[in-house]
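Next come the chains, spelled out residue by residue.
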Amino acid sequence: MKVSVVLHSYLRELLPPEARGMAVLELPEGAKVRDVVTRLQLPDHVIFALNERLERDREVALKDGDALRFLRAGAGG
Amino acid sequence: MARSINRKILHVDLARGALTIEEPPEAFYRTYGGGSAMGLYYLLRDLPKGADALGPQNILTFFTGPITGLPVSGQSRICVNALSPLSGGIADSQAGGFAPAALKFAGFDGIVVKGAAAKPVYLLINEGKAELHDAAGLWGKDTAEVDRLLEEKHGKVEVMQIGQAGEKQVRLAAIMNMHNRANGRTGVGAVMGSKLLKAIVVQGKLRLQAAEPKVLARQSKEGTANVEAIPDMKGLALNGTADVVPFQHSIGSLPSFNYNEGTFEKYMEISGERMRETILKERDTCYACTVRCKRVVETESQGQKVDPTYGGPEYETLATFGSYCGIADLHAVALASQLCNAYGLDTIGTGATVSFAMECFEKGIITTKETGGLELKFGNAEAMVEMVRQIGERRGFGDVLAEGSARAAKKIGRGAEACLVTCKGTEAPAHMPQAKKSLGLIYAVNPFGADHQSSEHDPLYEEGVGEFYLKRLAALGLTTPQPPGSMSDEKVRYAWRTQCFYSAMDTYSLCQFVFGPSWELYGPVETAEILAAGTGWDVTVDEILKVGERRIAMMRAFNARQGFTRKDDTLPRKFFKPLQGVGPTAGVAWKESDLEQVKDVYYRLAGCDVATGNPTPARLEELQLGWLNRENRAGPA
Chain S
1 MKVSVVLHSY LRELLPPEAR GMAVLELPEG AKVRDVVTRL QLPDHVIFAL NERLERDREV
61 ALKDGDALRF LRAGAGG
Chain W
1 MARSINRKIL HVDLARGALT IEEPPEAFYR TYGGGSAMGL YYLLRDLPKG ADALGPQNIL
61 TFFTGPITGL PVSGQSRICV NALSPLSGGI ADSQAGGFAP AALKFAGFDG IVVKGAAAKP
121 VYLLINEGKA ELHDAAGLWG KDTAEVDRLL EEKHGKVEVM QIGQAGEKQV RLAAIMNMHN
181 RANGRTGVGA VMGSKLLKAI VVQGKLRLQA AEPKVLARQS KEGTANVEAI PDMKGLALNG
241 TADVVPFQHS IGSLPSFNYN EGTFEKYMEI SGERMRETIL KERDTCYACT VRCKRVVETE
301 SQGQKVDPTY GGPEYETLAT FGSYCGIADL HAVALASQLC NAYGLDTIGT GATVSFAMEC
361 FEKGIITTKE TGGLELKFGN AEAMVEMVRQ IGERRGFGDV LAEGSARAAK KIGRGAEACL
421 VTCKGTEAPA HMPQAKKSLG LIYAVNPFGA DHQSSEHDPL YEEGVGEFYL KRLAALGLTT
481 PQPPGSMSDE KVRYAWRTQC FYSAMDTYSL CQFVFGPSWE LYGPVETAEI LAAGTGWDVT
541 VDEILKVGER RIAMMRAFNA RQGFTRKDDT LPRKFFKPLQ GVGPTAGVAW KESDLEQVKD
601 VYYRLAGCDV ATGNPTPARL EELQLGWLNR ENRAGPA
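Taken in order, these protein sequences are the chains called S and W. Last residue of the first sequence: 77 (the working numbering), numbering continuous. Last residue of the second sequence: 637 (the working numbering), numbering continuous.
No lab work stands behind these hints, which were simulated from the structure alone. As the structure is a computational prediction, the values presented were derived from the model and not from experiment. For each residue, glycine too, the CB sits at the ideal point set by N, CA and C. Possibly wrong hints are sitting among the right ones.
BS3-like mimics (lysine-lysine), calculated; alpha carbons at most 30 Å apart, straight line [unchecked claim]:
(1) Lys63/S with Lys266/W
(2) Lys2/S with Lys63/S
(3) Lys377/W with Lys363/W
(4) Lys32/S with Lys266/W
(5) Lys567/W with Lys591/W
(6) Lys266/W with Lys305/W
(7) Lys591/W with Lys410/W
(8) Lys63/S with Lys32/S
(9) Lys574/W with Lys411/W
(10) Lys32/S with Lys471/W
(11) Lys305/W with Lys141/W
(12) Lys234/W with Lys32/S
(13) Lys266/W with Lys2/S
(14) Lys363/W with Lys266/W
Simulated restraints on C-beta separations [stated by the list, open to error]:
(15) Lys305/W with Thr38/S: 42 to 52 Å
(16) Gln624/W with Pro17/S: 48 to 58 Å
(17) Glu59/S with Pro483/W: 15 to 25 Å
(18) Gly30/S with Val610/W: 52 to 62 Å
(19) Thr38/S with Glu463/W: 15 to 25 Å
(20) Thr38/S with Pro617/W: 56 to 66 Å
(21) Arg389/W with Pro17/S: 31 to 41 Å
(22) Pro28/S with Arg573/W: 49 to 59 Å
(23) Ala618/W with Val60/S: 45 to 55 Å
(24) Gly477/W with Val24/S: 42 to 52 Å
(25) Pro28/S with Ala229/W: 26 to 36 Å
(26) Thr565/W with Glu55/S: 42 to 52 Å
(27) Glu55/S with Leu470/W: 12 to 22 Å
Isolated chain W, as found in the complex:
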């Protein structure tokens, strides 16, 4: 048996206060991998039809992967799944930090939470034991304060918690760990809040063992060398994810003024380079990771200290609160990032929702009457920060925006929907499908909405790309880089194959900056070797792709049950209109007919019915998911 897994899953029934432990066979782990697919297994099996995302019937799952906790970079990740209160489809969100590894050291591979508590509680897990505690003293407090109080009471612990935003069921709410790492996307914090589950607290010293420790140690050493040797890793380590700002601007992929433009004149003001030479205090890391891509900043803005304890902004945060909102004030963006971490808010969803409101204000769709006197114009950093506070506290106009931009647009009316940048009700991240064409397809078809971490981006498979990347992509059968800016059948195949690989990383719960198809610390071949060395399973690249494909099929099957069809796989209306501004994407638009055509190609590759976009029964059988074809959802035989 693989000694890198505990073979223990904790089931929590909050309504009854009952805690039980399931010990699935190892084959269950090999089939579903961990992470997202394991969470989906329980959601597909047990979620009642017609469940309310913020009601007690929703199921909230937390799953690590089969090598989480081993001494190699990029393994300390946790995936959270539920029925999404933003989309009504699958919720899916990953985070790093130390909590994922700590959960394994505490004796569990995953947690399945059902029901809702009668009063606020937190779950304490310690070396195979678990109990529920009263969380009344933690309710209403900032995330850093909650972490402090829990450490004061229990000693050294790792905490996954909701902030005030989750308590108030803000649909943009995140689940935070270290109060600076977030399972941010798709509203999982609101689901946790609806269950009155304030926090999951883990501690323990159980140790896991790799099947081939020497192979793992060699790969670990090579990984450290790769940080210097691979240009993208060197840039990531040096400047964090914000290293990409100048490139994004250069190709017209830096969303500005609520996705109306693809370049931002003052892009350097929100770049990783500027952050490093001004407010960066130090770099931080996740458990056993050599890359150290996390930022820790210290500064002041609008009379408030930006405290290093809340970490620092990622690229997405810099873009959504920066260029999306037309704001070039790095200090204000750092403050917005801190507020999101303190309230427990998704920075992408929150920043994009504020920029949506700014466009509504600029167009006169809303006025100071709605905003309580706030001049919510592009470039107004004070108004942006105030709106983050209002969303986190569900106060004033923030209460409308706390529903997410798609619901807010419906409530506002008067044409506000034209200002949306949402796919399946989820705000689009900061990579533009007008520049990265295959990403447009992925934004449309991805089951949990627009996501930039669900496939490899176009520039890595375009003519002129370096041999290093092509050598790695060849392991996925991708050997024909395409013309820059193109969208072809081969690009669709690239999107699909790399989506399967990325999907597997969210299943094995591996970091997609460390393990990936091309530019990452480890390529596909090394990823297979590390998974095999960790688990003792004879993992191949083909098996990785199959595991990834299985999870995609599970997500699509989940959405199909929720009533999603091909028509839901679309892009915001705005993306079909020419971009404004200057630069390489000015005047560029997606055509609806082009999107429908590439969707046809995609569905065939993915084994989906072209008419509905849903997985065919035959493909589900092929993926060992035949049990999903049966109405009773009895689970696999």
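With the rest of the complex left out, here is chain S:
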């Protein structure tokens, strides 16, 4: 299955510059958010939105066509 991923903030630097923080990952059926975190070597504290909803459970099983965005929590401005 294919899952689209967007990395925000400093996390973008984990992908090549030309990717502009975006990638489409080919994952095995039953893959979880945790597997994406491991594969992209994202930091432990990273937060994410699955299909535009902020989630906290990394054990959620992904489906074909899901969209993941990884963010840093924000304050200040």
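Add chain W to chain S, keeping to what the hints say.
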């Protein structure tokens, strides 16, 4: 004696043209810290009852902190206080840059300005000496031009000035330094304009000394390492404050269409990431700061060049001129930011006032008849930019909006007040209390109106938050993170404890991105160590919290004298109606009964009378503010 302070405060009587120097004892500095609390000391002591905010009786104070000018990040800040022409309560606004450190190098820790000049003047300060100069040749000019003229005349100087907006007493006017750093909020630029004080110009090479230079040097080195090591600092350095745009959108906290929605479909167009890959020219900094969070942009919009000299937009600016106004044009927002810096306008207040007018227009409360033909609809970038010009010049409908949205709503009538997003007459910044619940309480109770930099935000104390943040918050006795989106007594305690810490930063005049309770470059323990290393005082986290609490009590006491009570601690009517649009906060509203309930908890923690919201005499005594209980305001014995 601490050699990080000058122990010199300059008093300026503009009516008489008299300049005097006060040399307070060091204990005065230890008690009040500097910054906001020191300004409040003079306002509480000397402001006559019934003073007009834009009249000569108002007092305008500028105060640095006890380590401003030392070689460590986040110390070059200055706080301005006065009676606010927006709220009628306390005005309070901070800015960074190089001017704060330069004022210390020029021999002074702070300035107290009274009276009004008979004609435009500027104050020149150089190594312990001060004099007033004729400012006729500077009046009516853009801020960058004023800086150029002053450098031409005096050589290398740092300047704190008002632009045309301050001259015209626009209530949204800021005091600018570097023509891209602003003491923006609460109308302090209008107060300076009412005194015909165009600028404060500082130069000098006096050097200050840390009590423990080696400790400071070690912390400075660790701070530089922290920029890479702490994720939030890395994001801030890379993308500026605008780094938070995607997160704000994701939690439904990105105010859109004048705070009617919490998400913005084209949020990436106004993000820090987009700015970096398009119009960002370079990053800039404040004196001796390693973070470099300031943006410098270069582009064009609507046939006008956006010049790097005016810096670049912060998150708040991108939101207020962007999502608030339904505008996804980064170039137009950058132009609006430049115009605000050139006129000397607060970008938050100005952007929110334009978005207020846009909602009025959309609802037919105002029409092209009022706007002089301008189609002031959401998404109209040309109309937004034109309205900024009109506000800065007090021209056309801009003259109505120059009074700030709360006064404009009264003048417009026809239900315009339902479109307001103001607390105590001051426009709300771009973090939504519908998503960050404890911020709703702080927006309501904060003495100078809605402010996003007066407490730590909810996500840092919600379940699932990283150990790093919790370890730091534990130093403030905060060890029980709460469910996401909740509002509980423990959240109120979190709001109160972190408000005290943030308040102390505005008192010591320290940057709240560098020093803070959780995600910042330095946590509470390091902050205490740096303050101690700078001053030689044995500062602890408890003392920091006490200093912060003292300032909050002073602000509340000031407002009490101005007639404020518990009923003034409220949220805009709009916040009690369900949010529209999509996303996690669609349909979310504050309940009035919930707000009143958390206010009760807050007042008890803050030592305030629950019926009035004002500090109790006992708490004032406890905070060494017993002199405020006496009618004669004679000052401490």
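Hint check:
Between Lys63/S and Lys266/W the alpha-carbon distance is near 26 Å, which keeps this suggested pair within the 30 Å criterion. Taking the CA atoms of Lys2/S and Lys63/S, the gap is about 8 Å. The hint holds against a cut of 30 Å. At roughly 10 Å between alpha-carbon atoms, Lys377/W and Lys363/W fall within 30 Å of each other, so this suggested pair holds. Straight-line distance between C-alpha atoms of Lys32/S and Lys266/W comes to about 28 Å, which keeps the hinted pair within the 30 Å bound.
For the suggested pair Lys567/W and Lys591/W, the alpha carbons sit about 15 Å apart, so the restraint of at most 30 Å is met. About 24 Å separates the Cα atoms of Lys266/W and Lys305/W, which keeps this hinted pair within 30 Å; it holds. Simply put, Lys591/W and Lys410/W have alpha-carbon atoms about 25 Å apart, close enough for the 30 Å limit, and the pair holds. With a C-alpha separation of about 9 Å, the suggested pairing of Lys63/S with Lys32/S holds against the 30 Å cut-off.
As the CA atoms of Lys574/W and Lys411/W are separated by approximately 19 Å, the hinted pair is consistent with the 30 Å bound. Distance hint between Lys32/S and Lys471/W is fulfilled; the C-alpha atoms sit about 29 Å from each other, no more than 30 Å. Under the criterion of a C-alpha separation no larger than 30 Å, the hint pairing Lys305/W with Lys141/W is consistent with the structure, at around 18 Å. Taken as a hint, the Lys234/W and Lys32/S pair is honoured in the structure, with Cα atoms around 27 Å apart against an allowance of 30 Å.
Our distance criterion of 30 Å between C-alpha atoms is met by Lys266/W and Lys2/S, whose separation comes to about 24 Å. Proposed proximity of Lys363/W and Lys266/W is supported: the alpha carbons are some 23 Å apart, at most 30 Å. Taking 42 to 52 Å as the suggested C-beta distance range, the pair Lys305/W and Thr38/S conforms, at roughly 48 Å. Separated by about 56 Å at the C-beta atoms, Gln624/W and Pro17/S satisfy the suggested range of 48 to 58 Å.
Against the hinted window of 15 to 25 Å, the Cβ-Cβ separation of Glu59/S and Pro483/W comes to about 19 Å, which satisfies the hint. Gly30/S and Val610/W have their C-beta atoms about 55 Å apart, which keeps the hinted 52 to 62 Å range intact. About 23 Å separates the C-beta atoms of Thr38/S and Glu463/W, a value consistent with the hinted range of 15 to 25 Å. In this structure, Thr38/S and Pro617/W meet the distance hint of 56 to 66 Å, their C-beta atoms being roughly 60 Å apart.
Taken as a hint, the range 31 to 41 Å holds for the pair Arg389/W and Pro17/S, whose Cβ atoms sit roughly 38 Å apart. At roughly 52 Å, the beta carbons of Pro28/S and Arg573/W sit within the given window of 49 to 59 Å. Hint check: Ala618/W to Val60/S, Cβ distance near 52 Å, so the stated range 45 to 55 Å holds. Here the CB-CB span from Gly477/W to Val24/S is close to 46 Å, well matched to the stated 42 to 52 Å.
A beta carbon spacing of about 34 Å between Pro28/S and Ala229/W agrees with the range 26 to 36 Å that was offered as a hint. Between Thr565/W and Glu55/S the beta carbon distance is about 43 Å. The supplied range of 42 to 52 Å therefore holds. For the hinted restraint 12 to 22 Å between Glu55/S and Leu470/W, the CB-CB distance of approximately 20 Å keeps it satisfied.
The structure is consistent with each of the numbered hints, conforming to all of them.
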